[in-house]
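*Asks:* Let chain A serve as the given structure and place chain B on it in line with the hints.
Protein sequence lines correspond, in order, to chains A and B. So for the first sequence, this note's numbering puts the first residue at 1; every next one is plus one. So for the second sequence, this note's numbering puts the first residue at 1; every next one is plus one.
What the hints contain is simulated information worked out from the structure, not anything from laboratory work. As the structure is a prediction and not an experimental result, all values here were calculated from the model. Honestly, I wouldn't trust all of these hints.
What the hints assert, rightly or not - In the DSS-like style, the derived pairs of lysine-lysine whose C-alpha atoms are separated by at most 25 Å in a straight line are:
1. B/151 with A/191
2. A/140 with B/191
3. B/146 with A/181
4. A/146 with B/352
5. B/141 with A/67
6. B/40 with B/13
7. B/181 with A/51
8. A/348 with B/181
9. A/151 with A/103
10. B/159 with A/190
11. B/159 with A/146
12. A/181 with B/408
13. B/181 with A/191
14. A/190 with B/181
15. B/348 with A/67
16. A/151 with B/151
17. B/146 with A/348
18. B/352 with A/271
19. B/352 with A/181
20. A/146 with B/277
21. A/190 with B/146
22. A/40 with B/348
23. B/277 with A/159
Single-letter residue listing:
Number of protein chains: 2
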Amino acid sequence: MNKERIMELLEQKKLMLLKAELLEERTPDIAEFLDELDPKTALMVFRMLPKETAVDVFAYLDSETQKNISQLVNEHELKAILDELFFDDMIDFLEEMPANVVKKILQNTTETRRSLINQFLNYPDNSVGSIMTIEFVDLKKEMTVKAALEKIRRIALEKETIYTCYVMDGERHLEGMVSLKDLVISDPEKKIAEIMREDLVSVTTFDSDEEAAALMQRYNLLALPVVDHENRLVGIVTFDDMMDALEDAVTEDIHRMATVGELNTSVVNAKPWMLLKSRLPWLLVLVFVNILSGAGMAFFEDTIQSIVALVFFLPLLIDSAGNAGSQSSALIIRSMAVGDVELEDWAKLLRKELAVAIPLGLLLGLASSLIGIIRADVGVALVVGLSMAVVVLVGSLVGLLLPFLLKKLNLDPATASGPLVTSIADIMGVMIYFSIATWYFGL
Amino acid sequence: MNKERIMELLEQKKLMLLKAELLEERTPDIAEFLDELDPKTALMVFRMLPKETAVDVFAYLDSETQKNISQLVNEHELKAILDELFFDDMIDFLEEMPANVVKKILQNTTETRRSLINQFLNYPDNSVGSIMTIEFVDLKKEMTVKAALEKIRRIALEKETIYTCYVMDGERHLEGMVSLKDLVISDPEKKIAEIMREDLVSVTTFDSDEEAAALMQRYNLLALPVVDHENRLVGIVTFDDMMDALEDAVTEDIHRMATVGELNTSVVNAKPWMLLKSRLPWLLVLVFVNILSGAGMAFFEDTIQSIVALVFFLPLLIDSAGNAGSQSSALIIRSMAVGDVELEDWAKLLRKELAVAIPLGLLLGLASSLIGIIRADVGVALVVGLSMAVVVLVGSLVGLLLPFLLKKLNLDPATASGPLVTSIADIMGVMIYFSIATWYFGL
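Just chain A, with the same shape it has in the complex (with noise of 0.2 Å):
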């Protein structure tokens, strides 16, 4: 999309024109330009899009700006967007409204709808309640073929996704589902009983959005049955959502992994107290661990005295250390992520990983001794060499294990960042190069 173009008639007030330029650009795109807008403008040409174009709109602004578009549209117009809004989108806007907005705008509902939105709202973050969808097709065993395909053509703008169906008895428990591609390639006259199938994979509210992202992904499916405890169908997941949440997930993880807190919006719409917020904690608790590899080197001053130049090598020996650990412990977590490895692998893999580690050691281990001969002496050399391969072996085995060590733990294995790693990984190779020093030079 042009947005110089647009925006240059929005500052000229050709608002005519600025409709019609829109109008021809897709529903994300206009989102993301009223976003980039502040409030009053962002209200003013949100209020000049067709109704219908102005709710799918909606839906895809970012959580702030719908919070000032709500905050600026009279109580009439909130409401009319709000009926709109497919349910899921609907519960995502209220999740990010102040508790005063929220109670306002339910104030206005039915009871019954009232109550189904605050059972939506009270699903946690990152679990599969908080992203499935109440809007989806639901069939009955007894219809026949063509039957449904009349029910569907009926009722398919009210829902989001019409390619997965669903089959429930009269208590609405999930007894199998049909693809439109089954519905569309069978006899009209077939039953849906004859036609469906029975072995669904099914998640339930609570279970995390991760995890049912990770089942569409391997069986390849377009949504996702949700059910409660008693098997009774409570919502599906659609793979827009899906997607969306596996984003959010892979970020989440790559944040952590550099030692990032939450962050529930884009660094570009991030204030910077938001990003400070984030950042500083998991740097103060580095800092202190960060204490044990200067006492350890206090434990070692006289050797230090005696050789200044062996700290020249420290920065070396203690960044390669935390490299080969952020190493491992990247491939262990993404692995982890997808499910390529269990917590039961570990051994398997500590077996691998010492044979990948000890070779990376001693190759390691003989560039810098290269390094050590022409910077300083050959019993420098030695000592920097040998460490090295020492301190590379350990701090591999230290990314290796620590995902695994969090896992057991119930905690995100991506904690086991790589400045953790290396962090670790430093008390130790301070512990090790200085041990091998005094050792070898007999202080």
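*Replies:* Just chain B now, kept in the frame of chain A:
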């Protein structure tokens, strides 16, 4: 799936029961089970599967298992499998086979098919061409909805998806698309031209699969048309292949951010030498980068000799600089990957980074000067605190700017890994810390 039970049946050679149990399972689960068997047993179990299931399972096998099976079956069996595979799955298989095997297989196909296969095998890794499929539904503008539905019904089983259908003219130029939903809800007598959408998002064969995935995610598409330079439709990317490509792309990013090189298989299946090959190069590069920090320290040898206590705080300072830098770079790299941040945003983000990194540096400086007072004296504490503030700021800026620089040079921003940022921050940290110390103590 109950792997232990199935394994037991296999060991007891209860093959009929084994077959019955296996056929209860879903295709990806059967494939995973075969992946874990030795080649001969895998072949035996594979041969027990009914032909149709066998082909489906084959498509899901790890490339290593595919290779093993294809080398053990006879030519006739292999041809039967390949003829039944979807075209893109067959290409995926051939891509991983040794050249002589591919040659032998190609000898047994028709001239037209052979040249098509060769064309697909030539698409670069990670290109749209390498993941697209040719089995899509094509319609004509003049068709009625009814005729289109009849055509779909007839060919549904041979197509990867029937939910998105493409409209082409006589020369295969892409004219529009209709979803199966549009077809099902439209009047059967309407012409396709009346209901098709013309403002399509499309990609070309040489675009990256990551770009294609980003478009599909942004616009919630189940399929994406792929055109050549003359807008002729040559294939489509379906959502399942897109998700696989996306998963690979994320894995590649996470690995790269930890300086792990290309790895075509999971950690579990990778041989030790493959892991060594992917890990060694960057560690070696970083060893040589780290010579600079050692050289920097050698330059300040006198300062270090005078106040040895200074080096006790070195790991703390350089680690914190590296950690802060890893945070910034991870935030930017991920935002770039999901399309939130573009090259031209650098100045805006630099200003924001200053607003975050200055207070971050001051707070960490305060914390570390407290440690300095406890472990050394007020002078050292002041130097450590001040240095911390500066190195955290500098580290953050390096972490922020490096991804932009790499993107500007058309390199992958994820190469601005934590370890690389850490090494650069180290060198700067050493110089800054000892400069401040030399100045403060008047050495």
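*Asks:* Starting from the hint list further up, note which numbers the structure goes against and sort them upward.
*Replies:* Violated: hints 2, 4, 5, 8, 9, 12, 17, 19, 20, 23.
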